[in-house]
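So the chains spell out like this:
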Amino acid sequence: MKWIAGVDIGNSTTEVCIGVISEKGSLQFVSSNQTTTTGTKGTQENTIGVIGALEKALHSSRKRVEDLDVILLNEAAPVIGDTAMETITETIITESTMIGHNPSTPGGIGLGTGKIIFIEDLDSVMNQDPYIIVASKMYSYEVIADKVNKARNKINITGVILQADEGVLVYNRLERKLPIIDEVGYIEKIPRGVMASVEVAPPGQSIQTLSNPYGIASLFQLTPEETQRIVPIAKSLVGNRSAVVIKTPKGEVKEKKIDAGFLYIHGPNHSVEANVDDGAEKIMVKLEEVKEIKDIEGQQGTNVGNMLNKMKETLATLTEQRVEQIYIQDLLAVDTTVPVEIQGGIAGETCMEKAVGIAAMVKTHKLPMMRVAEKLQKMTGVHTKIAGVEAVMAVLGAITTPGTKLPIAILDLGGGSTDAALLNENGMVQSIHLAGAGQLVTLLISEELGLKDLYLAEAIKKYPLAKVESLFHIRMENGEIRFYDEPLHPKYYGRVVVMAEEMIPIEGDASMEKIFQIRRESKKKVFIRNAIRALKKIAPKQEVRTIPNVVLVGGSALDFEIPEMILQELSHYKIVSGRGNIRQQEGPRNAVATGLLMHYVGG
Amino acid sequence: MEYRKPMIHIAVYNPEKELLEEITAGIEEEGCLYEIAYNEDKDVFDLGWNAAHNSLLGAGIAVKGYHALFQCVHMKKNTPVFLINTKEKKEFRLLGSNAARYVKKIPFKAR
Chain A
1 MKWIAGVDIG
11 NSTTEVCIGV
21 ISEKGSLQFV
31 SSNQTTTTGT
41 KGTQENTIGV
51 IGALEKALHS
61 SRKRVEDLDV
71 ILLNEAAPVI
81 GDTAMETITE
91 TIITESTMIG
101 HNPSTPGGIG
111 LGTGKIIFIE
121 DLDSVMNQDP
131 YIIVASKMYS
141 YEVIADKVNK
151 ARNKINITGV
161 ILQADEGVLV
171 YNRLERKLPI
181 IDEVGYIEKI
191 PRGVMASVEV
201 APPGQSIQTL
211 SNPYGIASLF
221 QLTPEETQRI
231 VPIAKSLVGN
241 RSAVVIKTPK
251 GEVKEKKIDA
261 GFLYIHGPNH
271 SVEANVDDGA
281 EKIMVKLEEV
291 KEIKDIEGQQ
301 GTNVGNMLNK
311 MKETLATLTE
321 QRVEQIYIQD
331 LLAVDTTVPV
341 EIQGGIAGET
351 CMEKAVGIAA
361 MVKTHKLPMM
371 RVAEKLQKMT
381 GVHTKIAGVE
391 AVMAVLGAIT
401 TPGTKLPIAI
411 LDLGGGSTDA
421 ALLNENGMVQ
431 SIHLAGAGQL
441 VTLLISEELG
451 LKDLYLAEAI
461 KKYPLAKVES
471 LFHIRMENGE
481 IRFYDEPLHP
491 KYYGRVVVMA
501 EEMIPIEGDA
511 SMEKIFQIRR
521 ESKKKVFIRN
531 AIRALKKIAP
541 KQEVRTIPNV
551 VLVGGSALDF
561 EIPEMILQEL
571 SHYKIVSGRG
581 NIRQQEGPRN
591 AVATGLLMHY
601 VGG
Chain B
1 MEYRKPMIHI
11 AVYNPEKELL
21 EEITAGIEEE
31 GCLYEIAYNE
41 DKDVFDLGWN
51 AAHNSLLGAG
61 IAVKGYHALF
71 QCVHMKKNTP
81 VFLINTKEKK
91 EFRLLGSNAA
101 RYVKKIPFKA
111 R
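Chains as they are written, first to last, in the UniProt record's numbering: chain A, 1 to 603; chain B, 1 to 111.
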């Protein structure tokens, strides 16, 4: 009797598998366990997690780690990935021109244009020019309404801008009606005496004039050149219920196009360049033209150049190499749009900008798994050895999934990279590592929703959504209604929530449908593309159809919708694909650890 | 049959006038209707309970002196949705806003 353990240290999860070899040499699986990887993959901190997982797995057999005869460690693929996102257009509205904005409850209906006057200066004017009154939150709605009512007998008032959320309250107290914008935070930024325009649309509609470049041109008598420059203003106000545009004579708005730059893809013999401005689709086509990528560079001094430089620096630190030694072996580009705060906005307005998300992957020197093995041996006293290449072990483990036959391919959908391996009838294994996986999906979700919170984005990726419709019931994203015995906390009321172990409310205005769509699109953009890309690279003659079954393993294969998305896509190629079920019981987990044991016995 | 509009009911006993005005301002800004009923001396929880049950919307507010709460018909009498124990004006405006937001089925405003 020999007790052996297979250990797979992944980027985010450490998996272990325990087996017994009988006197006759047959292998029997005993138990398995998994835990979060402690420290960065390949560092000595990993041992803490490994020992923890081993202890838990051995607990049911009343064994201790010291009782093991051998520990088998995966030989990690020598690749490491990183993700980043950069906007490629940026709207800058200079300080002398300001725009806003979309309060939840503006007052009145209509359009008003006039000179800006602060409410405290009302007594000082006596001419017939049109005016727009600005009032800070120091004044109560009653005082403001009273002052406006009185002033209207003397001067021509066309609109009101409020700092407090009191637009309806003021409106209800006016003798004659005006459009009112409220909740304008940075009221002190508004210059006195300049021309401004406020517009409030009827309920259920959106503004028509300030979202139209010619509309703004008519109001401010702009020249054709000036009209060209205010296009970004109009664009960012489309769909708003209310808006204010404030323009000084010197005011200048420009859509500053940052040079997105070129990507240079170096092959063994020739190089190809791709313009980032052309979008992700084109970049990926160019990338496929180069069969064996030696390195990828970005044009210096451009956005993409800075982005790749930063990535290389991060990866250099992680792998303890010099930046010059870092060569990007693969890259996945994804188009997206992200909300960016407008400079010169008066209430924190955002506008949607084009952006590109990039995942890159570099080959490293052999990851220092040797050091982990040595440390583990020292700590446990058990003979520890590095026993097999990760991808090969994963295919071995995957064959234990019922319903599969050779040749078999695995798609290992991880956090940092998408790996694929093919095992044919002759026992030959072909494997590939591609950039872009779960982490890029999380980044896309986070950026596109403007969350700035990767933890929440991760939760949105992993769990279905629901809308809290009352304190006692929610509507799930598939339309199902769920009732609760006890009232829900008021913080959830009316919100879109993520159905994680505990509900997490999502702040902001995004509807459940929109978040749902962004989540699914992000997954498709990364995993569908990578699945096809990876299978093409390992398939004989690049013919995907020659692979009869594809088993999905790895953390992202646990996702509730990615496997079905891939199944749907691969069924076009007549491929059977699905979430793996290692040893008929582990699901898509534990493939490598299982493979390690099988390899040890077989080899 | 009695004609009733869909309004938030506000049951009050000896309310602090300024604070009551803040509550109604909160409701008004959100565009909802309300009705104030002056009551005899009762427990503030009873006031809220009655107000909620008198409202077609199932939404009631109680104000007794400095004490105020927002109650809806689905909650237990002693656990209203919101309960105010300060004299801060802002809190009372918020209570009104959130009562209206409850009716509109949109998320509550945070403090």
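Incorrect hints may appear among the rest.
What the hints assert, rightly or not - To give a feel for the contact side, a few chain B residues facing chain A, derived at Cβ under 8 Å:
id: 1; residue: P6
id: 2; residue: G31
id: 3; residue: E35
id: 4; residue: E40
id: 5; residue: H74
id: 6; residue: M75
id: 7; residue: F82
id: 8; residue: I84
id: 9; residue: K105
id: 10; residue: P107
Honestly, the hints are just simulated from the structure, not real lab data. Quick caveat, the model's predicted, so the values are computed rather than measured. Backbone N, C-alpha and C define an ideal beta-carbon position, used for all residues, glycine too.
Here's how the hints hold up against the structure:
1. P6: violated (16 Å)
2. G31: holds (6 Å)
3. E35: violated (17 Å)
4. E40: Status violated, d = 29 Å.
5. H74: Check passed: Cβ of H74(B) comes within 6 Å of chain A, closer than 8 Å.
6. M75: OK, holds: M75(B) within 8 Å of chain A, min 6 Å.
7. F82: At about 7 Å, which falls below the 8 Å cut-off, the nearest Cβ of chain A leaves the hint on F82(B) intact, so it holds.
8. I84: Hint on I84(B): violated, closest Cβ of chain A at ~13 Å, above 8 Å.
9. K105: Given a least distance of 5 Å, the restraint on K105(B) holds.
10. P107: With Cβ-Cβ at 4 Å, under 8 Å, it holds.
Of the numbered hints listed earlier, those contradicted by the structure are 1, 3, 4, 8.
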